[in-house]
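Go by the hints and put chain B onto chain A.
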Amino acid sequence: EAGVTQSPTHLIKTRGQQATLRCSPISGHTSVYWYQQALGLGLQFLLWYDEGEERNRGNFPPRFSGRQFPNYSSELNVNALELEDSALYLCASSPWDRGSYEQYFGPGTRLTVT
Amino acid sequence: AQSVAQPEDQVNVAEGNPLTVKCTYSVSGNPYLFWYVQYPNRGLQFLLKYITGDNLVKGSYGFEAEFNKSQTSFHLKKPSALVSDSALYFCAVRDGSGGYNKLIFGAGTRLAVHP
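Chains as they are written, first to last, in my numbering: chain A, 12 to 125; chain B, 1312 to 1426.
Isolated chain A (complex conformation):
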């Protein structure tokens, strides 16, 4: 069974530009989560999508947004990039099956803002 996939692996942008990151969940998983792993800040929850809807978001500004498509894949958009947006962005998926709750992570997209 294929795991969570993310693209691209690396992304280099300049300040002020927009970045688009993509994620495909494990087959059968309807929930997708985005986390940011920044140096010195640890892993922080960004967004949760389920059944095409944004269910919740973490403490990030509105320039971090995304969507979930009918096939449950997801896209994270970061507008007006700032230097501190440089981080590893991890996508995870889960079946949203009560009693399960673990999330399965992809390899991440390394975003570098210069």
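Check before you lean on any hint, since a few could be wrong.
What the hints assert, rightly or not - Listed next, with one range per pair, are the computed distances between beta-carbon atoms:
id, chain 1, residue 1, chain 2, residue 2, range
1, A, L22, B, P1351, 16 to 22 Å
2, B, N1366, A, P73, 42 to 48 Å
3, B, N1341, A, T20, 33 to 39 Å
4, A, R74, B, G1409, 32 to 38 Å
5, B, E1319, A, S76, 35 to 41 Å
6, A, S76, B, N1328, 45 to 51 Å
What the hints assert, rightly or not - Covered stretches of chain B, as calculated for chain A (at least 3 residues, CB under 8 Å):
id, region
7, 1379-1393
8, 1411-1418
The set of hints was computed from the structure by calculation and includes no laboratory data. Note that CB positions come from ideal geometry on N, CA and C, so glycine has one too.
Here is chain B on its own, set in the frame of chain A:
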């Protein structure tokens, strides 16, 4: 608010010796606890979870964790460490409050297993 603490930045162990990576938690309600491992330039791999039931949970790669409610701890253990176990380990707790369904992670503990 839910939180987890990993009191050790790094743990050093000789190959073949038992290892313990510590985690304490603070939750309201029943704790849903997880351990993940991250190898360099990789995502997180799920190791094991505690939802309910036996306090000793067995997971992948020979790891296990002991849930202790009175000490609010969920320490990760392995009877005999391998050099290939060297990685970054994260303890996490599920936060389902306020409509959330997110994992809150500790700061991580770097495990170094020496030959």
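Results for each hint:
no.: 1; hint: L22(A) / P1351(B): 16 to 22 Å; verdict: holds (19 Å)
no.: 2; hint: N1366(B) / P73(A): 42 to 48 Å; verdict: holds (43 Å)
no.: 3; hint: N1341(B) / T20(A): 33 to 39 Å; verdict: holds (38 Å)
no.: 4; hint: R74(A) / G1409(B): 32 to 38 Å; verdict: violated (23 Å)
no.: 5; hint: E1319(B) / S76(A): 35 to 41 Å; verdict: holds (37 Å)
no.: 6; hint: S76(A) / N1328(B): 45 to 51 Å; verdict: holds (48 Å)
no.: 7; hint: 1379-1393; verdict: violated (count 0)
no.: 8; hint: 1411-1418; verdict: holds (count 8)
Violation of the numbered hints given earlier is confined to hints 4, 7; the remaining hints are satisfied by the structure.
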